[in-house]
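Taken in order, these protein sequences are the chains called B, D and S. Residue 125 in the working numbering is what sits at position 125 of the first sequence, and the numbering runs on without skipping anything. Residue 260 in the working numbering is what sits at position 260 of the second sequence, and the numbering runs on without skipping anything. Residue 96 in the working numbering is what sits at position 96 of the third sequence, and the numbering runs on without skipping anything.
Hints are computed from structural coordinates only; laboratory data are not their basis. Think of the CB as a built atom: it goes at the ideal place given N, C-alpha and C, for glycine as much as any other residue. Where hints are given, some of them may not hold.
Below, a sample of chain S positions facing chain D; criterion: calculated Cβ distance under 7 Å [what the hints assert, rightly or not]:
#1 Thr61
#2 Pro92
#3 Ala96
#4 Gly115
#5 Thr117
To give an idea of the interface, some chain S residues facing chain D are shown, with a C-beta separation under 7 Å as derived from the structure [said to hold, decoys possible]:
#6 Gln63
#7 Leu64
#8 Pro82
#9 Gly83
#10 Gln94
#11 Thr109
#12 Leu110
#13 Leu113
#14 His114
#15 Phe243
#16 Asn313
#17 Tyr314
Calculated from the model, a selection of chain B residues having no Cβ within reach of chain D, i.e. all distances over 10 Å [as the list claims (entries may be wrong)]:
#18 His104
#19 Arg192
#20 Leu198
#21 Gly208
#22 Ala212
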Amino acid sequence: MPIYEQTYRRYGGLRLPPCRGWWVIARTGLASALLDRRFVGLLLLAWAPFLVRAVQIYASANFQQVGFLAPTVETFRTFIAQQSTFMFFVTVYAGAGLIADDRHANALQLYLSKPVTRSEYVVGKSVILVVLLLAVTWLPAMALLLWQVTLTGDAFLLTNSHLGPAIMVFSVIEALVAALPMLALSSLSSSRRFVSVLYAGVVLFSGGLATALGAETGRGWWSWLSPEHALAAVGDAIFRIQTPSSAPIALAAVALAAIVLVSLVVLRRTVCAVDVVSS
Amino acid sequence: MIRRSRGLGFAESTLRVFGFSVGSLLWSKRMLFLALLSAVPVVIALVARVAEARGTPLHLAGSETLVGTGLFGTMVWAAYVRFIVPVFGVFLGTGLIADEVEDRTIVYLFTRPIPRGSVLIGKYLAYLVCTTSVVLPSLMLTYFAIVPVSAVAASFPQLMLDFGIVVIGLATYGALFGLVGVVVRRSIVAGLVFVFGWEPIVLLLPGYLKRASVAFYVQSLVPHAVPRSDATFLPQLVVREIMAPASAVLWLCVVLAVCLALAVRTVGRRDYVLDQ
Amino acid sequence: MCCRCGVVVSDATPVISADHVSKWYGQVSALNDVSARVPPGITGLLGPSGAGKSTFMKLMTGQLRPSTGAVRVLGEPANDNPGIYNRIGFCPEQDAFYETMTGFEWVSTLVGLHGLTPTAAREATERAIEAVGLTDVAGRKIGAYSRGMRQRVKLAQAIAHNPELLILDEPLAGMDPIGRRTTMEMVREWARAGHSVVLSSHMLHEVEAMTGNILLMNQGRILADGDVRQIRSLIDTHPHRVFIKARDPGALARRLLLDRDVISLRFDGDAVTIETARPDELYDWVTERAAEGDCGEIEELSSPDDNLQAVFNYLVKA
Numbered sequence: 001m002p003i004y005e006q007t008y009r010r011y012g013g014l015r016l017p018p019c020r021g022w023w024v025i026a027r028t029g030l031a032s033a034l035l036d037r038r039f040v041g042l043l044l045l046a047w048a049p050f051l052v053r054a055v056q057i058y059a060s061a062n063f064q065q066v067g068f069l070a071p072t073v074e075t076f077r078t079f080i081a082q083q084s085t086f087m088f089f090v091t092v093y094a095g096a097g098l099i100a101d102d103r104h105a106n107a108l109q110l111y112l113s114k115p116v117t118r119s120e121y122v123v124g125k126s127v128i129l130v131v132l133l134l135a136v137t138w139l140p141a142m143a144l145l146l147w148q149v150t151l152t153g154d155a156f157l158l159t160n161s162h163l164g165p166a167i168m169v170f171s172v173i174e175a176l177v178a179a180l181p182m183l184a185l186s187s188l189s190s191s192r193r194f195v196s197v198l199y200a201g202v203v204l205f206s207g208g209l210a211t212a213l214g215a216e217t218g219r220g221w222w223s224w225l226s227p228e229h230a231l232a233a234v235g236d237a238i239f240r241i242q243t244p245s246s247a248p249i250a251l252a253a254v255a256l257a258a259i260v261l262v263s264l265v266v267l268r269r270t271v272c273a274v275d276v277v278s279s
Numbered sequence: 001m002i003r004r005s006r007g008l009g010f011a012e013s014t015l016r017v018f019g020f021s022v023g024s025l026l027w028s029k030r031m032l033f034l035a036l037l038s039a040v041p042v043v044i045a046l047v048a049r050v051a052e053a054r055g056t057p058l059h060l061a062g063s064e065t066l067v068g069t070g071l072f073g074t075m076v077w078a079a080y081v082r083f084i085v086p087v088f089g090v091f092l093g094t095g096l097i098a099d100e101v102e103d104r105t106i107v108y109l110f111t112r113p114i115p116r117g118s119v120l121i122g123k124y125l126a127y128l129v130c131t132t133s134v135v136l137p138s139l140m141l142t143y144f145a146i147v148p149v150s151a152v153a154a155s156f157p158q159l160m161l162d163f164g165i166v167v168i169g170l171a172t173y174g175a176l177f178g179l180v181g182v183v184v185r186r187s188i189v190a191g192l193v194f195v196f197g198w199e200p201i202v203l204l205l206p207g208y209l210k211r212a213s214v215a216f217y218v219q220s221l222v223p224h225a226v227p228r229s230d231a232t233f234l235p236q237l238v239v240r241e242i243m244a245p246a247s248a249v250l251w252l253c254v255v256l257a258v259c260l261a262l263a264v265r266t267v268g269r270r271d272y273v274l275d276q
Numbered sequence: 001m002c003c004r005c006g007v008v009v010s011d012a013t014p015v016i017s018a019d020h021v022s023k024w025y026g027q028v029s030a031l032n033d034v035s036a037r038v039p040p041g042i043t044g045l046l047g048p049s050g051a052g053k054s055t056f057m058k059l060m061t062g063q064l065r066p067s068t069g070a071v072r073v074l075g076e077p078a079n080d081n082p083g084i085y086n087r088i089g090f091c092p093e094q095d096a097f098y099e100t101m102t103g104f105e106w107v108s109t110l111v112g113l114h115g116l117t118p119t120a121a122r123e124a125t126e127r128a129i130e131a132v133g134l135t136d137v138a139g140r141k142i143g144a145y146s147r148g149m150r151q152r153v154k155l156a157q158a159i160a161h162n163p164e165l166l167i168l169d170e171p172l173a174g175m176d177p178i179g180r181r182t183t184m185e186m187v188r189e190w191a192r193a194g195h196s197v198v199l200s201s202h203m204l205h206e207v208e209a210m211t212g213n214i215l216l217m218n219q220g221r222i223l224a225d226g227d228v229r230q231i232r233s234l235i236d237t238h239p240h241r242v243f244i245k246a247r248d249p250g251a252l253a254r255r256l257l258l259d260r261d262v263i264s265l266r267f268d269g270d271a272v273t274i275e276t277a278r279p280d281e282l283y284d285w286v287t288e289r290a291a292e293g294d295c296g297e298i299e300e301l302s303s304p305d306d307n308l309q310a311v312f313n314y315l316v317k318a
């Protein structure tokens, strides 16, 4: 017909199946995080230890005089442990406002009035932080492993065949143990500053408490008080490294599982469209 | 000549802002959380006391046993001066104005007949009162948990000095991070980088670089806390170069005054554009 | 007229004067060479979203410094002059409070910053709370208030110290019809008592019910400033529409086309809508015809263009 209707027309194009909302949330969150130049600078700074280690591996592979610098499983384990500092700052920088900013802007009502479930919302937000954390742990560690293999052949890999999976598994556990509690705390407040304070306080003080009590009693039993210590014990076990001061692995694993579980429970209770305020 | 209406004086404005800020801060969830954190050294102290009672006191690398006033001194240094004081400074100092800006309530304060700087100073004083009201009781409880009754009389004056050191530390870190909070956007991250990145590194380096930290001056006030038996013990290394206490107090006062002055100036001149 | 703080102000002195004021944020210009004189009384600050109204209000209240130019309020500089806040009350647009405080506590805390003693602050708060109709809920936490209550408690903190000039950014937003009517009446009452009010709003018909004096902005510039009708009459390139309902619209139309300068004419059932560049002459002519009865009975005469909405639409779109 010659004259076209200009009125509202229903969308007739492709609709993705349900339960894809989490990906939209994750993709948008990652894109906006990467638009922040300061944050990108922090991510790049987190790769500085990779450069140092890469030089170490290159030197050990090419110069016999510094052959003692050749990497071992402990090298990769230590590398990931050192990256935990950057993980902390990335978590605080990128994670504090993930849900808090939505609460501040009353955006939860908007999200949850779309065909997006609370679970999808939480999954989407978790994916943002987990991906960013893996970018500073798993990615550089695997890049180092690839670099080692490239320079020295697959002998190292065949000798330490568990290293690749260990890096993967431990990085994911680390990322989840960092991300979920941060999301849970973020869901408790509408102030990203307060969430930063809460998270930093819990991490720093629990670590200090576990260290001090461990030093006082000479026992690693206190690791359950600190996610950092529990992760260290679990990491040693995954990498098959025996450390004399390591805490009992079962206790550490239970502690980490409890942290994840409590975080999920908190998220389930607090992520909702409206807050009821007592008068 | 331009005629101007009279607002409140700086001192009176500061007192009024302090009055309502201290009430709202002291009973806030924030302070409750920080009070819980302040209980951590008390828990450590109680466990140490139990360990000592069971015949397994803490040993440093070397032979010295840490009990009583020696342990308390180490805790003042390690738990309070190097940890709680700067961390509380970061947590609350950076939020003096930033919290009001984030909550978008700053407009109500900046459209009152009071100088903008008085808002900052009033909130700073409230921060100081609230943090000391939480940290000093914690310090006292730690003291009584660790120090045996027989040693209390002799060591109590030192406890009073330690109170003063903690207050000076809180005041200086609060002023410093008050300035950081006004100038820098993600001030908590910047503060944590300063406390756990910059200060530990510069304190280990020889030369004058360590003077670009607050910890150097505060540590100079607590040499009694450092065990002297083993030269390889890290705290000994760290505080090998210290300043005379009087000079350290003077420099801390200078840092405090300069940071507050700069913060007041920045707040007075800055345009705060709030999210709608 | 002498104000409380000793500054002598004449009745003709504008309450707000802006001289070549510009404000930009980086590359974005929020206000562009704005010069305006806001007279005493009620002035409506109007414009579409992004016009620069809130920026202008923040400049008036000294929250922002102009990039160029100067703003004076009640004869005093708006910036670096905390004392001016004794004479002005500001009600911001944003919905932000100390949520854990009760309405009463919040208003009395803020009015206490004006130097009032605790007793005086309490009394001022009680008056302000009563004026905005929140006496029953003053003891409740603000976090539990409805949107309308939050708007009213914001108004209370702006009026509690009895300022000479009220600057209200979207004061009617979120209020129910009764709340809006009460607020509008309060604003009128305030003006009758000799205070001045500058308010911004998107609700043009409500602004029109409070005042005929407007400052119309768009894209960071002033489009028009003054009385609505004067502005309308000056827009002589834009014809007025006049609606006339008559018993015999055909006869009326014939006479109109013969006697008057009519740009266009349209029949709407038993009425005619005419466009003319000379509305005042048309009104006189219709009055004569109605008196003589030679066009039949004339039942209604009105102009859809003789209002703020029409002025707004024309100037903004132009």
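For each hint, the structure was consulted:
1. Thr61: Nearest chain D Cβ about 6 Å off; hint holds.
2. Pro92: With a closest approach of 5 Å, the S/Pro92 hint holds.
3. Ala96: holds (4 Å)
4. Gly115: holds (5 Å)
5. Thr117: violated (11 Å)
6. Gln63: holds (6 Å)
7. Leu64: Cβ of S/Leu64 sits 5 Å from chain D, so the hint holds.
8. Pro82: Result: holds, 4 Å to nearest chain D Cβ.
9. Gly83: holds (4 Å)
10. Gln94: holds (5 Å)
11. Thr109: Check passed: Cβ of S/Thr109 comes within 5 Å of chain D, closer than 7 Å.
12. Leu110: holds (6 Å)
13. Leu113: holds (4 Å)
14. His114: Constraint on S/His114 satisfied, holds at 6 Å.
15. Phe243: violated (39 Å)
16. Asn313: violated (24 Å)
17. Tyr314: violated (28 Å)
18. His104: violated (8 Å)
19. Arg192: violated (7 Å)
20. Leu198: B/Leu198 is in fact no farther than 10 Å from some Cβ atom of chain D, at 6 Å.
21. Gly208: violated (6 Å)
22. Ala212: violated (4 Å)
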